[in-house]
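Chemist: Those protein sequences? They're chains P and A, same order as listed. Quick note, the first sequence lines up with residues 1 to 253 if you use this note's numbering. Quick note, the second sequence lines up with residues 254 to 495 if you use this note's numbering.
Calculated directly from the structure, the hints in this document are not laboratory data. Hints are supplied without guarantee of correctness; some may be wrong.
To be verified - A few chain P residues that face chain A, going by a derived Cβ cut-off under 8 angstroms, partial list only: (1) C58; (2) M69; (3) G72; (4) E100; (5) T105; (6) G106; (7) E151; (8) D155; (9) N171; (10) D204; (11) H216; (12) E221; (13) N236; (14) R237; (15) Y239.
This one's a predicted model, so the numbers in the text were calculated from it and none came from an experiment. For glycine and all other residues, C-beta sits at the position ideal for the given N, C-alpha and C.
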Amino acid sequence: MDLTLKVWRQDGPGEPGEFKEYEAKGISADSSFLEMLDFVNERLVEAGEEPIEFDHDCREGICGTCGVMINGHPHGDQKGTATCQLHMRKFNDGDRIVIEPWRATGMPVIRDLIVDRSPLDRIIEAGGYVSVNTGGTPDANLIPIPQMAAESSMDAASCIGCAACIAACPNSAGQLFTSAKLAHLNLLPQGQPERYERTVAMVDKMEEFFGSCTNHAECEEACPKSISIDNIAFMNRDYIAGKFKDRRKAGQS
Amino acid sequence: MTTTGRRSDTKPARKLPWILEFYRSDVVKKWIMALSGIILLGYIAAHMLGNMKVYFGPEEINAYGEALRDLGGHLVPRTHLLWIMRIGLTIAFAIHIHAAYSLTRTNLQARGRVRYDVPREYLAANYASRTMRYSGVIVILFVVFHLADLTWGNANPDFMRGNPYANMIASFERVPVAIAYIVANLALGLHILHGVWSLFQSIGANNAVYNKWRRYLAWGFTAVIVLGNLSFPIAVQFGIIS
Ligand code: FES
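Generate the whole structure from the sequences, applying the supplied hints.
Modeler: As structure tokens, then:
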């Protein structure tokens, strides 16, 4: 298939940047979106031009590095799919595809389609972990966990940290990411000792970089893992509770 | 550590008193907006229901006005309880507006100046949620006019203190006022349509058991309020009450 690409090109952080148009001819409908970009890049290199820089790693929808805005939709308009899992057969011959990097003050463009997603790492560092005892391996299933709770924790844990939620949000809010990371620990017994400290620390860190939630639910729509905004409500409740919690009494279960 | 890309309203290094520190968080601001929103919603419902008394004649509504001033009967000095309610409402209104203003600024900053080339096609956000700031501003302007018209009387040439029935008719007989009233109430309707649904999310009262009912509640509440409020100017214009 023959396509026209309109791609954001930017030489480095803080540089002005501009859109450039490229003809992408003879693209296989079986290739993935990233393979299509590889193909275009090969030709750019042959022609002595700079290839289009884009982030990617696993190419199987689990690492979360590959997000770009495709025709105004984060990861393209196919629901529940990361860019690397999007296939060219979803497009039509002759289509014009606009590819842009995520846009948010908290995630500035590094180059072309690559943005700085390190604020997400800062949020995780603030509390996205549990402390465990080292020593002998505990028996499996030693801690009983209700099936439904384990499921919702897993659903939250399926977040790949791609930042599509932030890119989709009219407020560039990091709520869906942060709440998913919180829910996957806070919903389980292992996450309880640090639950409120974690929530307050991660939310405070998030607010250093990103906007606030106005409950549009655009993030849920954009999420390649279809993570629910119910997690955001859970986070809001835990944050307020955490603000009032007497930490000296946190040892009780 | 990234230093670029931080929201530019860097938090002050000095620790603020607890209550201000608390209010500085966006999540807390949303929580406070939800709580003040609940107070305002309660007021809106009571206001609409009370005004229904016009359909029972001038004595009824004038007696209702008097009862409000006499709230608490012999237990408290006259009008004191009414003033406490007024002050409480004003505070809730002011906090709601301040939090909205501050969050809007934060959000514009967080979003930055660069827009996507392809305009965002909103899939989940609806008209009501995206126009909150505009419907909110319309409601503020309307509230000021409404007070000047029917409480202070300076926007109503035929104003008579203590006679709400006559004041309301004198006000709504003017066609532009009736139209402004209708427009403002439609804006209010849009505002509370998103507000009623959204406040559960902000305070974290979210449960798969009743989540679906939040939409029904929002639509039902909005419909009752808007239809009730719109009925007054329409009834006056068509001479149903005069
Ligand atoms: S490249 Fe890993 S999720 Fe797309």
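Chemist: State for each hint whether it applies.
Modeler: Hint-by-hint comparison with the structure:
1. Against a cut-off of 8 angstroms between C-beta atoms, the interface hint on C58(P) is violated, since the closest Cβ of chain A lies about 24 angstroms away.
2. A least Cβ separation of about 6 angstroms between M69(P) and chain A falls short of the 8 angstroms threshold, and the interface hint therefore holds.
3. Annotation: G72(P) was flagged as interfacial toward chain A, and the flag holds, the nearest CB pair being 3 angstroms apart, inside 8 angstroms.
4. For E100(P), the suggested interface contact is upheld, since its CB lies about 6 angstroms from the closest CB of chain A, less than 8 angstroms.
5. At a threshold of 8 angstroms, the smallest CB-CB gap from T105(P) to chain A is about 4 angstroms, leaving the interface hint in force.
6. With 8 angstroms as the threshold, the beta carbon of G106(P) comes within range of chain A, its nearest partner Cβ sitting at about 5 angstroms, so the hint holds.
7. With a cut of 8 angstroms, the hint placing E151(P) at the interface with chain A is violated, because the nearest CB-to-CB distance is about 12 angstroms.
8. At a threshold of 8 angstroms, the smallest CB-CB gap from D155(P) to chain A is about 12 angstroms, leaving the interface hint violated.
9. Against a cut-off of 8 angstroms between C-beta atoms, the interface hint on N171(P) holds, since the closest Cβ of chain A lies about 4 angstroms away.
10. A cut of 8 angstroms between beta carbons decides the hint on D204(P): the least distance to chain A is about 7 angstroms, and the hint holds.
11. Interface hint status for H216(P): upheld, as the beta-carbon distance to the closest one in chain A is roughly 4 angstroms, under 8 angstroms.
12. Residue-level restraint check for E221(P) holds (minimum Cβ-Cβ distance to chain A is 4 angstroms; threshold 8 angstroms).
13. For N236(P), the interface hint holds, since its Cβ comes within 8 angstroms of a Cβ in chain A; the closest pair sits about 4 angstroms apart.
14. For R237(P), the suggested interface contact is upheld, since its CB lies about 3 angstroms from the closest CB of chain A, less than 8 angstroms.
15. Using the Cβ-Cβ criterion of 8 angstroms, the hint placing Y239(P) at the interface with chain A is satisfied: the shortest such distance is roughly 5 angstroms.
Of the numbered hints listed earlier, those contradicted by the structure are 1, 7 and 8.
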